[in-house]
Structure formats: C-alpha cells, structure tokens
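Between the sequences and the hints, there should be enough to build the whole structure, so can you do that?
Listed here are the chains, written in short residue letters.
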Amino acid sequence: MYDWNEKIERVTTALMGGETDRPPFTIMAAEQMISRVMGCTIPDLYNSPEFWAKATVKTQEFFGSDIPYVALDPALITAEAFGAKFIHRKYLTSTATPEDRLLKTPEDVDQLEIPDHRKAGLYPTLIKAFKHLKELTHSPMAGNFFFSDLTWGPIQQMRGEQAWTDFYLNPDLLPKLAEKIYQSNLGFLEVWKDEMGGTPLIDINISYLGNKDMASYKDFWEIEGKWVNKFRKKTGMGIVMHNCGRKPYWDQMITDCRLLGVQPTFDPFGNSDVNYWKEMKKKHKIYIIGTLNQTGPTLTGTPQDVEKEVIENLNALTPGGKFILAHGCEVGWGVPLENLLAVKTGVEKFSEMKGK
Amino acid sequence: MRKMEAELFDKIQNFLVNLKMDEVLSLIKEAIENQIPAYDIIMNGLYEGMKTVGNKFEVGEYFIPELMFAALITNNSIDLLKPHLKTEFETSGVILLGTVSGDLHDIGKNIVSTILTISGIEVHDLGVDVPIELWIQKIKELKPDLVGLSCLMAASISSMRNTIQEIEKNNLRNQLKIIVGGGALSKTAAEQIGADAYAYDAIEALKIVRELID
Chain A
0 MYDWNEKIER VTTALMGGET DRPPFTIMAA EQMISRVMGC TIPDLYNSPE FWAKATVKTQ
60 EFFGSDIPYV ALDPALITAE AFGAKFIHRK YLTSTATPED RLLKTPEDVD QLEIPDHRKA
120 GLYPTLIKAF KHLKELTHSP MAGNFFFSDL TWGPIQQMRG EQAWTDFYLN PDLLPKLAEK
180 IYQSNLGFLE VWKDEMGGTP LIDINISYLG NKDMASYKDF WEIEGKWVNK FRKKTGMGIV
240 MHNCGRKPYW DQMITDCRLL GVQPTFDPFG NSDVNYWKEM KKKHKIYIIG TLNQTGPTLT
300 GTPQDVEKEV IENLNALTPG GKFILAHGCE VGWGVPLENL LAVKTGVEKF SEMKGK
Chain B
0 MRKMEAELFD KIQNFLVNLK MDEVLSLIKE AIENQIPAYD IIMNGLYEGM KTVGNKFEVG
60 EYFIPELMFA ALITNNSIDL LKPHLKTEFE TSGVILLGTV SGDLHDIGKN IVSTILTISG
120 IEVHDLGVDV PIELWIQKIK ELKPDLVGLS CLMAASISSM RNTIQEIEKN NLRNQLKIIV
180 GGGALSKTAA EQIGADAYAY DAIEALKIVR ELID
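Chains as they are written, first to last, in numbering that gives the first Met the number 0: chain A, 0 to 355; chain B, 0 to 213.
Hints listed in this document are in silico derivations from the structure and should not be mistaken for laboratory results. Just so you know, these numbers come straight off a predicted model, no measurement behind them. Virtual Cβ for every residue (Gly too), placed ideally from N, Cα, C. Do not take every clue at face value.
[Claimed, not checked] For lysine-lysine, the following BS3-like pairs were computed, each having C-alpha atoms within a straight-line distance of at most 25 Å:
1. Lys246(A) <-> Lys192(A)
2. Lys186(B) <-> Lys246(A)
3. Lys175(A) <-> Lys84(A)
4. Lys168(B) <-> Lys211(A)
5. Lys211(A) <-> Lys206(B)
6. Lys175(A) <-> Lys232(A)
7. Lys211(A) <-> Lys142(B)
8. Lys103(A) <-> Lys55(B)
9. Lys246(A) <-> Lys142(B)
10. Lys246(A) <-> Lys206(B)
11. Lys57(A) <-> Lys127(A)
12. Lys55(B) <-> Lys246(A)
13. Lys192(A) <-> Lys217(A)
14. Lys186(B) <-> Lys307(A)
15. Lys233(A) <-> Lys175(A)
16. Lys19(B) <-> Lys217(A)
17. Lys284(A) <-> Lys353(A)
18. Lys211(A) <-> Lys10(B)
19. Lys127(A) <-> Lys175(A)
20. Lys211(A) <-> Lys186(B)
21. Lys217(A) <-> Lys55(B)
[Claimed, not checked] Between beta-carbon pairs, the in silico distance windows are:
22. Asp21(B) <-> Pro318(A): 55 to 65 Å
23. Val58(B) <-> Asp2(A): 50 to 60 Å
24. Asn169(B) <-> Gln182(A): 49 to 59 Å
25. Thr301(A) <-> Glu165(B): 15 to 25 Å
26. Gln136(B) <-> Pro170(A): 38 to 48 Å
27. Ile212(B) <-> Lys118(A): 51 to 61 Å
28. Asp171(A) <-> Asn33(B): 48 to 58 Å
29. Leu185(A) <-> Asn173(B): 53 to 63 Å
30. Glu32(B) <-> Pro170(A): 27 to 37 Å
31. Gly17(A) <-> Thr51(B): 51 to 61 Å
Structural data, given as structure tokens:
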C-alpha cells in the first residue's frame, strides 16, 4: 500500500526547511506520460474524472514520487473554456487548431465572455478529478495545488501567431485579453473553493513571456507579470511560477511578483544551472521545484547518467530544504521509462551516501 | 548603384529597422514605379534591414514581437514585389522546413523561413505537425540539400529523433544535411538525436544553412 501521508509529510517538512529521511521528488508526468504508463489514451483521461485521478496516482506511484497532483495544461483548459477548438490527440498534448483560431479579429476579444466554470470545457471534469484525487490519497496537499496560466499560454492558443504582431498592430488587444483570462482564473478559483472547501495554498502559475529571448521585461510585465501579481494580491495564495523559455528574467520576476517558489525549465544554455539556483535559493529564500534537465540524460542518456544528474542536483540544492527534485518541464511520451525510474534510484543512492 | 536607388534602399532599411510598416510598403511601391529591379530591392533594402533587425535581436535590443513584426513587413513587401520578380531571383540551395509531428508551434520556423527566403534559399515549408511519412515523401520528391526540423516543446524532441531515424531507415540520410532548432533544444541534444547542425535562432540558422550549402 502506497503511503501518501508519509510522502506528504516529507514534502511539507522539506518545504519548511526541515530534515527529511530522503529528499522529496516528483515526476512531471502530465497527460502524455500518464497515458504511456497506463496504456490508455489522453482522451480516456479527459472522458472520466475518476480514471484521470486514478491514473495520475498510479503513475506517480509507479515512479515512487512524493506529490500527487492532477496533471493538466492550464492554457488548454482556459482557452477551450473560452470556446477555442482543440485537436485532442491520443498520445500527444492537445493544441488549438491553427487554422481555426477563436480570436480572428481584434473585435472578437470584446465579444469574449468569461466562461461558466461549472459547465465550460474540461473544468467540471477537472474539479471532479481533484475531488477523486483527494479521496484516493487522503492527502490535504492533493487539494492544495491550483493551476493557472496568466496569461500568454491561453493568449497564444486563442489568438495564435498573430499575438506577437498584436504588440504593434493592435496594442490594446493583449491587455484586454489578459484581463479576461485573469477574470476567468478568478472564476475558476471560486468554483474550486465551493467544491473543494477552503482556499488552495499554492498556485502553480505557468508563465511563458518572461524570457529575454521572447519579450522585453516591460512587455512581460504588462501582459503577464502584472496579472500574476494581481492574482497573488487578490487571492492571498503563494505563487510558484513555472517558466518555459530561454534566459528567463528570474531575478526580476521573483522580486516583482513576490514568488513563493519557482519551477524553472532547465536552461540548456547554462544561464541557470544548479549553481545559479543554489545562489537564487539563498538570495530570495524561495522554494525550488526542479532542476533536472528534461532534454538531457533523461531523454537521451542511460539510467546511470540520470542517477548522476540526480545526485549532483541534490548535493547542490538539498541543504536548507525548500527543494523538491523534479524535471524542469513535462516529460514526453517517448522518454525512456527506465530513465524516469532512475530518478528514485538516484535519490535513494544520494540518501545512502549522506547516511554513511 | 545610382544615388536615387541607394537612398531608397537606405530608407527601406531604416524604416524596416524602425518597424514602420506603411512607410516601408510605400517605398517599395515607389521603387517598383521607378523600375528598380525587385531582386535589388529585396537584397539591398529588405535583406539588409532584416540583418540589422537580427543583430538587434542578438544583442537583446529587440525581442520576438519586433522580429515577428519586421518579418511581417518583409513578407508584405515581398508580396508586392513577387509579380515583378520574374526569373531574376536565383536561389542557391533547397531546404525542406517544418515543425515535427505532435508540435504545432511555428513562430521560430516562420521567421527562419522568411529570413532564408529573402537570402536566396529555396524554402519548402511543410507547416506544423508534419507526419514522418510526409517528410519522407517530400525528401524523395524535392531532393533538398537540407532538412530543417523545428519543435518548441521538450516533449516533442523524441518526435524529432524519430523523424531523423526514419530518414536514415529510408536511406535518404547521406544525400542531405539535417539542421534542427527550437525552444527546448540545445546543441548537445541536437547531436544526441542525430542532427548535423543546431541553430539557436533564425539569425544563426541563416549562417549555418549558408555554410552547409556552400
């Protein structure tokens, strides 16, 4: 019997900066990896909240992970609830159909209504899956992660490539759309509170624009950062930000959005390696969920390479706690399972070495 | 080059670098009316302007919105120039470009496509979410010098690896070079999945494509 309470205690203790028997870890297994492990399709997950929750738990148990969470893509559910059409694939992440974007003209944004989160798109299924997850794990933490995407993910799903030229061609459009996405996230939170009881402690926020290779910090702030900060102030939740991209503005984003923690995508260009995060943890007193390279040994190496990477990361980042080992981003369907299983082996080897 | 032409090219470059769409398009029309060869307008005006835009991107002065908008101005300009191009725009090298199966992101790929096109490379863009069978079919049909694979998501890198492996299995690998790029990739990951070259961004892609073709 998998003891989720023990796992939760490990995670909580580590986040509080305390000593644990071994460092906590999780596998960033979203829909793709869950379908791989369970031998089902992604639509199978979306079609049944009970199965979605069960499959999530089984997958995390298979990898020996410490955190149960319903894996989802917040950009997808947000955009779909607004009315965007999606291609739901069997084993690959769903994406909005490029030839049939929801917001074809700037005027379409004005017509956009905030979704009813009790009915729209995948939200009702998601809420039910959250409830099942809580029942399956008997874990208060299972209900304490809220996922939001403020705001570039849904914008891109609804507006497509045009969103980039909107900065120049339709400068009023993006702030208007960002505000609607913000309102939608608040609406979902209200339903979440009603159905789950209480307020979630942590919002895992998915941000994409805050990278030097993508947008200026000013544009990031206007379209994304400002809304993350507003959401934090309005809800009182701690924000853990995930940022996919190269050369993120972490220092500024952590300060300006008053982040509780980060779940950074591994930067293969050396701009934010383990030593960088060691310094950032010290400087900002933040939680870190990461820092394994999702495109490195896990994808193309051997289990031994993964174990080595795990031990290097743990050596650097476990002192002082506030660290949960994980990949920087979702692991894809084609990642060798033995390499994901090697994460736990590496964690155990690290703990044995520390114990001696 | 006549003085009037040189001044016009300078203006096109400057307005393009400063992201002034209407001004660039108006100058393109003026150049066409003055019977300046379309090829010269592209190479001395648009291409040079895009080079400066690319440099500004490289040093962190410009970002993707600026790069995308400059690419849009360039594409709109090329649309005006196309009827006047005739056969004078000689291409050197053929590239088959696309986003691999399972990934629908195309911003980077589209910028690469624009920059390669105005640099005289014959680009065949297969679009996004390109199935492996289509890559194989088009390679056999078009016999490109290069294949450019793009993907944004880390989860799609295995799809990129599968595409390269299928090109090998079909005995097509020796007749072409494979260049890869995209948000989640690195040079190391590119080598590990069997690519010949990796480009960090569109500007680097142009340099590498030129080197590989030459």
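These are the hints, each one checked on the structure:
Distance check on the hinted pair: lysine 246(A) and lysine 192(A) sit about 36 Å apart at the alpha-carbon level, beyond 25 Å; violated. Under the criterion of a C-alpha separation no larger than 25 Å, the hint pairing lysine 186(B) with lysine 246(A) is consistent with the structure, at around 16 Å. Annotation: proposed proximity of lysine 175(A) to lysine 84(A) holds, straight-line Cα distance about 21 Å (limit 25 Å). The straight-line distance between the Cα atoms of lysine 168(B) and lysine 211(A) is roughly 39 Å, outside the 25 Å bound, and the hint therefore fails.
Our distance criterion of 25 Å between C-alpha atoms is met by lysine 211(A) and lysine 206(B), whose separation comes to about 22 Å. Distance check on the hinted pair: lysine 175(A) and lysine 232(A) sit about 20 Å apart at the alpha-carbon level, within 25 Å; holds. Pair hint lysine 211(A) plus lysine 142(B) does not hold up; C-alpha atoms about 37 Å apart against a cutoff of 25 Å. As the CA atoms of lysine 103(A) and lysine 55(B) are separated by approximately 30 Å, the hinted pair breaks the 25 Å bound.
The straight-line distance between the Cα atoms of lysine 246(A) and lysine 142(B) is roughly 37 Å, outside the 25 Å bound, and the hint therefore fails. Annotation: proposed proximity of lysine 246(A) to lysine 206(B) holds, straight-line Cα distance about 22 Å (limit 25 Å). Restraint check: the Cα-Cα separation between lysine 57(A) and lysine 127(A) comes to about 17 Å, which is no more than 25 Å; the hinted pair holds. For the hint linking lysine 55(B) to lysine 246(A), the alpha-carbon distance of about 16 Å falls within 25 Å, and the restraint holds.
Proposed proximity of lysine 192(A) and lysine 217(A) is contradicted: the alpha carbons are some 33 Å apart, above 25 Å. Restraint check for lysine 186(B) and lysine 307(A): the C-alpha separation of about 21 Å stays at or below 25 Å, so the hint holds. As the CA atoms of lysine 233(A) and lysine 175(A) are separated by approximately 19 Å, the hinted pair is consistent with the 25 Å bound. Proximity of lysine 19(B) to lysine 217(A) is assessed by CA-CA distance (about 21 Å); at most 25 Å being required, the pair is judged to hold.
Of the supplied pair hints, the one linking lysine 284(A) and lysine 353(A) holds, its CA atoms being roughly 24 Å apart against a limit of 25 Å. Under the criterion of a C-alpha separation no larger than 25 Å, the hint pairing lysine 211(A) with lysine 10(B) is inconsistent with the structure, at around 29 Å. Pair hint lysine 127(A) plus lysine 175(A) does not hold up; C-alpha atoms about 31 Å apart against a cutoff of 25 Å. Our distance criterion of 25 Å between C-alpha atoms is met by lysine 211(A) and lysine 186(B), whose separation comes to about 19 Å.
The hinted pair formed by lysine 217(A) and lysine 55(B) meets the criterion: a straight-line CA distance of about 17 Å does not exceed 25 Å. Aspartate 21(B) and proline 318(A) have their C-beta atoms about 58 Å apart, which keeps the hinted 55 to 65 Å range intact. For valine 58(B) and aspartate 2(A), the hinted distance range of 50 to 60 Å is satisfied, since their beta carbons lie about 54 Å from each other. For asparagine 169(B) paired with glutamine 182(A), a C-beta distance near 51 Å keeps the hint of 49 to 59 Å intact.
At about 23 Å, the beta-carbon gap between threonine 301(A) and glutamate 165(B) stays in the expected band of 15 to 25 Å. Between glutamine 136(B) and proline 170(A) the CB atoms are about 43 Å apart, so this pair conforms to the stated range of 38 to 48 Å. Hint check: isoleucine 212(B) to lysine 118(A), Cβ distance near 55 Å, so the stated range 51 to 61 Å holds. For the pair aspartate 171(A) and asparagine 33(B), the beta carbons lie near 37 Å from each other, so the given range of 48 to 58 Å is not met.
At roughly 57 Å, the beta-carbon separation of leucine 185(A) and asparagine 173(B) lies within the given 53 to 63 Å, and the hint holds. Taking the beta carbon of each, glutamate 32(B) and proline 170(A) are about 32 Å apart, inside 27 to 37 Å as hinted. Restraint check, glycine 17(A) to threonine 51(B): a C-beta distance of roughly 55 Å satisfies the suggested window 51 to 61 Å.
Of the numbered hints given earlier, the model fails hints 1, 4, 7, 8, 9, 13, 18, 19, 28; all others are met.
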